[in-house]
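So the sequence lines, in the order shown, correspond to chains W and D.
Counting in our numbering, the first sequence runs from 42 upward without gaps.
Counting in our numbering, the second sequence runs from -3 upward without gaps.
Mixed in with the good hints there might be a few duds.
Claimed, not checked - What follows is a list of derived Cβ distance ranges for each label pair:
no.	chain 1	residue 1	chain 2	residue 2	range
1	W	VAL323	D	LEU105	29 to 37 Å
2	D	ILE1	W	THR305	42 to 50 Å
3	D	ASN277	W	ILE163	57 to 65 Å
4	D	ARG24	W	LEU265	52 to 60 Å
5	D	LEU105	W	TRP185	55 to 63 Å
These are computed hints drawn from the structure, not numbers from a lab.
Ideal Cβ placement from N, Cα and C applies to all residues, glycine included.
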Amino acid sequence: MATDATTVAPVAIPPAEIRRATAGLWSDALWRLRRDPTTIGALIVLITMVALALGADVLADNVFHWSFSKQDILSSYEKPSLSEPAMWLGSDQLGRSQIVRLLYGARVSLFIGTFGAATSMIIGIILGVTAGYFRGWWDDLVVWLVTTLNSIPTLFLLLIVGLLFRLAPLPLAIFLGALGWLGIANLARGQTISLREREYVLAARTIGATPLRVMARHIFPNILPLMIILAMTDVGGLILTESALSYLGFGIQPPVPSWGNMLTGATQFLSKGPWLVYAPGVMIWITVLCLYLVGDGLRDALDPRLRGVGGSARK
Amino acid sequence: MGRFILRRLVQAIPTLFGVLVLTFLLTRLSPADPVQLMLGGQYDITVEDRERLRESLGLNDPLPFQFVTWLWHVIQLDFGNSFYYHRPVIQMIGERIPNSLQISISALLITLAVGVPLGVIAALRRGGPVDHAIRIFSVSGHAIPTFWFGLIFVLVLGVQLRWFPIGSMNVVGSDCSLCWDRIWHLIGPVAVISIGGIANLPRILRTEVLEVISQDYVRTARSKGLKEKVVISGHVLRNALIPVVTLFGGLLTIFVGGSLVIEQVFNWPGLGRLTFEAAINKDYPVVQAGVVFSSLLLILSYILRDISYAIVDPRIKVR
């Protein structure tokens, strides 16, 4: 996997006039981030998306006057028009407002992405760091688990699970996260293996620090920036997985709209309502793209030496 | 080399075992009753008959015992009969695997044919408009939902422009496995599934080329007066491609995993679609076999990746 290759690009030293005194890691990162228009742009798009998703109820009531489940079979396959706010993006096969459903879909996608990534982070960091720190049989077990789960194509595995349970958004998010920690664990383990040989770790151990303390105080803070970058791309990856799963009908169940399940019947309405196919996909695309861009930007901002490591370049 | 391959094959055994345990446990955890699923809509069956069937299937045995029995059959490639089609599962899988491989292998070739030149161009024109264009293409191709891209392909090029057929492998009536008609049907799914790889390969190759190009032996080659073309293809590319081999594992993950959703969009009767339809019909034996075989394909491609890595970079065998 690409994550193994730690190619470290030389850092260009900026000319004196734009250099400044070194502050802390985070304020340094913020300073670099401010000079990166792509990342800032992507961040603004994401914040807007989150705001729209959170405000879906208010917007549906006050602007569109149409709830996400309101059907009007007489006006099914209505073409996008400016006549009525709810019909800005047309209506679907049941006469539901496409734009309102997209807003609620944003809510589902972002929710699943964030909670799923949080779950992967927790599992991945705990397993990766402990495996790298203790080595031995525990390491073997974790590596075996990672290799095994890596050998089952995710969607196939999710099909079995979809067969067993019809999951609500929160359990689905946790479940996707519980399958998505492999990359994080791998990277955390690799970093820990190299960090545990450092002098400051040895120093901490000689003054009697417990393994838990060494991992929490000396190793974890050092891998945190890299983990945050990975988490950003993970949110994107999870949104993609959820949309594919929901498209297949095994993810988020109607009537709750998700960008994926809005495309479920797409092959049938390709000729009747092609506009219904564009919007959900474009929304997924833009969201994931912005997440990847922010991930890359954060990586460069937090540590310019990491250029090319982690981020969306993996797998 | 023989020993390396052997060792790699032996290493795959615990992984495969893990896959089998997981597949078995997940399907056996199911709240649905296999006897009920097998009998389907037949209602004129007495409780005693049901119990007899349950006993004969070994469903009353302890779970570990059931697993060993199942494992014993699976090793002999016996996955039982489909609940839905009442045919041996292995036969159904055997019919579908070549169709899926046709897509994955074509996609791999297309990815290499398009991705390698893009990566080299991006590195050679570093910082220029072409490099930026390739970078934008890479990032956006990486973020695009594959299944939606497939839907757009079908909608625009299939339904609206009628350039490409929408769905299935051949025109009705014709049934060839490699002819113009089949290639015509292949273009859609292969183009769509390759996009992930084509987006990924140039980024990684670009970094590698830039690294190799600053090496001393490249300067030597240039100062000998070799043509730039020879330097790039003979000295730079050969070395830059070594780490790219590791990418194959990731690519095949995309192709095998993505097949499920792409075969659905393009109505392509491959392994992914078989598994998906079986999941809808609650046809457990077929779903089990689908998961096991798709994982087997992945494990085999990881082994192939490691072997080709050892061939192009002999240092790897030492480890």
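Which numbered hints fail: 3, 4, 5
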